[in-house]
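Just need the whole structure built from these sequences, with the hints factored in.
Number of protein chains: 2
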Amino acid sequence: MQLKVQPIDIKVGKYKVVMNTLDAKELGVYEGDRVRVRNHATLTAIVDFTEDMIAPGMIGVYHEVQEQLRKEWTETVDVEPAEKPKSAHIVRKVMDGKKLERDEVNLLVRDIVEENLSDVELAAFITSTYIRDLSEDETEWLTRAMIETGEQIKFSTSPIMDKHSIGGVPGNKITLLVVPIVAANGLLIPKTSSRAITGAGGTADLMEILAPVDFTATQIKEMTEKVGGVIVWGGGTNIAPADDKLIKIEYPLSVDPHCQLLASIMAKKGAVGAQKVVMDIPIGPGTKILDVKAGRKLARDLISLGERLGMDVDCALTYGASPVGRTVGPALEVREALKVLETMEGPNSLIEKSVVIAGMLLEMGGAAPRGQGRELALETLRNGKALAKMKEIIEVQGGNPDVSYRDIAVGQHTAEILAPSNGYIIEFYNKRIVQLARFAGAPNDKGAGVLIHKKRGESVAKGQPVLTVYADKKEKLADAVRYAREFPPIFVEGMLIERVDEVKGL
Amino acid sequence: MQLKVQPIDIKVGKYKVVMNTLDAKELGVYEGDRVRVRNHATLTAIVDFTEDMIAPGMIGVYHEVQEQLRKEWTETVDVEPAEKPKSAHIVRKVMDGKKLERDEVNLLVRDIVEENLSDVELAAFITSTYIRDLSEDETEWLTRAMIETGEQIKFSTSPIMDKHSIGGVPGNKITLLVVPIVAANGLLIPKTSSRAITGAGGTADLMEILAPVDFTATQIKEMTEKVGGVIVWGGGTNIAPADDKLIKIEYPLSVDPHCQLLASIMAKKGAVGAQKVVMDIPIGPGTKILDVKAGRKLARDLISLGERLGMDVDCALTYGASPVGRTVGPALEVREALKVLETMEGPNSLIEKSVVIAGMLLEMGGAAPRGQGRELALETLRNGKALAKMKEIIEVQGGNPDVSYRDIAVGQHTAEILAPSNGYIIEFYNKRIVQLARFAGAPNDKGAGVLIHKKRGESVAKGQPVLTVYADKKEKLADAVRYAREFPPIFVEGMLIERVDEVKGL
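So the sequences go chain by chain: A and B. UniProt numbering applies: residue 1 is where the first sequence begins, and numbers increase by one. UniProt numbering applies: residue 1 is where the second sequence begins, and numbers increase by one.
FYI, nobody ran anything at the bench for these hints, they're computed from the structure. Computed from a predicted model, the values in this text were never measured in an experiment. One or more of the hints may lead you astray.
Distance condition first, Cα-Cα at most 27 Å in a straight line; then the derived DSSO-like pairs of lysine-lysine [said to hold, decoys possible]:
(1) B:Lys248 / A:Lys248
(2) A:Lys245 / B:Lys248
(3) B:Lys245 / A:Lys14
(4) B:Lys93 / A:Lys99
(5) A:Lys84 / B:Lys11
(6) B:Lys293 / A:Lys98
(7) A:Lys431 / B:Lys245
Encoded structure:
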């Protein structure tokens, strides 16, 4: 069928076209079917229908299709029904609980990266793996395919170290300490990090206060070889691009199928060439892993997948019921981490967790004998080598190495959340602390966040400040305070279901 | 956040908006999240992102959102993050295998009808029910909710009869005989039918050769009360609209979850007020039901769901391995059915199946004693009462009652598919016969289709015509013949994997 091209200037991320229902009927295609569109080139696009927006005889082509057709633009194109891609049948196999062959996993991942599957098909895949999970073989192949369909960094030296946190604990800024400690001891650690999606600040959101974080894979390799480590944004590279495509479907469904969680983590580590990896698995209410049993299972699965991929994985089950350190939000967290590097002053929860994780890496990488990693990490902090290395990292990424924690600007609008009665803090809601920081503007407003004066188990007197909320914008501070009134982030014994009812600073 | 409205003149079937990634980041929303858009009115829309198509400070609003906002148009709108609808959490419950409450099913169906769920969420629901199925309670509530969220016909007399075929057998034009037979015996039968999606012609595609088929629920009621029966297109009404929305997701996934199949059939029967229903369940390769065991299970489930809904359901397991009658394609099938009504001449498979199904309905409706329905049905055909009733039905729907089978125009371009050797036909591929008719132009080209000279088990001589392909358009005939060469629709014993290699008439 010859149809006249009508450009639609919208990017939809896929090859998509719109036809009039009359033409579609004539052609024998239905919503969600594919058509082959041909001028000089040929492409396969998913069809949407309309009764009135596109006239019969016309075909609406979205941006991505236009781009392809514009290589040799013609007024009309030939349109015919096209078969589903083979990967759509592979999705159906997963729905039916049938095991996939390695070739099928490869094809599926390639079609995910190349946007050949519709959102409906991707959602069916995600839902099926959520309900049924994939086998160990399939998960390994998925991980390998995710690595191979993206950019990869290959170092000529070894070992290449890495760390990853499963997440869910607020204020987990330890990467800012662990990377310089490890690199200061002669090991290479090309750390890619994420930005926050539902959190108050990912490591990339934090680091970009100190230096640019957006680099290509080649630049990451060069910088790591030069100074031993980097702290960059993974999303700026084309590392494991299939993962991003899957997350776009997982996020609206609020699911993270077990096999995808494993593949997503390990693919990102594998793609940067990591050989020895420590996984930080925070455990407790509000984190992704509710108890030690679930943590051990995840640890075993990560270690096992690592073995299959030739990667040495150690796991640390960590305390996740309270924030790490006493700050949540980009600038506040950077200030807290830098202060530890500069002065060794700071919350024990931050220093201790950092040296334990760094110590594991030092031992795995052969920089410290077994059992002495923590001590070496602590010493590296104390003797200023970690600070010196952090300055090198900041400098190589294009930041100002002369920065001090004193220079980090935090939100100028503040409000204090006061204890409503005397007693001990018996509940401390991580998720509410994060929401509070988000209402205050984090992670987008760098100065926004929460400073925690009192944690679970500490005693407070009525009227004493428990939290200070920081915001860059006055109206966001008001939003945050309203939120804290409605959803008190802490509970003092005897407080029962009273609400936070005194707020200063507004 | 105040944003300036930028209309996008595309219908997307849902409330959707597009924001620049910078604004989205500032607002703290991600792809697939919802935002509340407010001028004088308020609505909740799903957000897509763009880096360049919509400038920061602007919000692209698709057609459906524009329609709402235009009631009191303003240049700018207020945009803030919105929670997921409760039905999204209900979908998650289904994904997690948790049982739903009746209220939850109602809310879910309402949000499906009102397009409040994204395609990703709908696909997750369909996939979950495909893998896990719903309980009997949930399926009943789903069916009731599907009935209640659409138009309903309520007759003041009873019984109201209906029939339904599970489908999958080509040439199943029996409705054109069953409805007039039943109505001629004083029973009411308001038959709504579908158009073909993957077939060569649904009953609605056939009937519209004789009369218009697109009516409102009120018109269906009035016509049925006047002449006893109608044969109309269900899609022209607003009967069980949730079903159409779900089919739009099921079709691209090529799945039909068991609970949805049951709910879909029974909701359409319930909505037209049917009280006594015969289900035709064709069994055999190429149909939806592969063996008698599966057919019995489906029959039991339909009868049980009918009981819960207060509907009397009888099921007929029928032979589905060969086409019904000897024609496939709208005009050919209408001609064959009309000829039976006018002359009682026609294939036994068509006459016998029609009188059996009609006979069951006559017995259920009390028009014939148990065991004598088939005989009464046959007599109604023989004595011309069925023909007279069909003419009334055609007339009440606005067609020409003086039509004869001789007047039905079939495709003027024909080609014969010849037997490649002497022997018996040992394989007859239903799906290939349907594909052949579709390549020839069916169901959109009314004259296109296949006339079957020889069926499974019949003997043929080399060079004897087995099939005649009809087409309205010459090029489509060529497509069909090419298809038949590549995928022979019949196999003669001893033919092995030879191909059909002689084609006349081109």
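These are the hints, each one checked on the structure:
1. B:Lys248 / A:Lys248: holds, 21 Å
2. A:Lys245 / B:Lys248: holds, 23 Å
3. B:Lys245 / A:Lys14: holds, 22 Å
4. B:Lys93 / A:Lys99: holds, 26 Å
5. A:Lys84 / B:Lys11: holds, 25 Å
6. B:Lys293 / A:Lys98: holds, 23 Å
7. A:Lys431 / B:Lys245: violated, 36 Å
When held up to the earlier numbered hints, the structure conflicts with hint 7 and nothing else.
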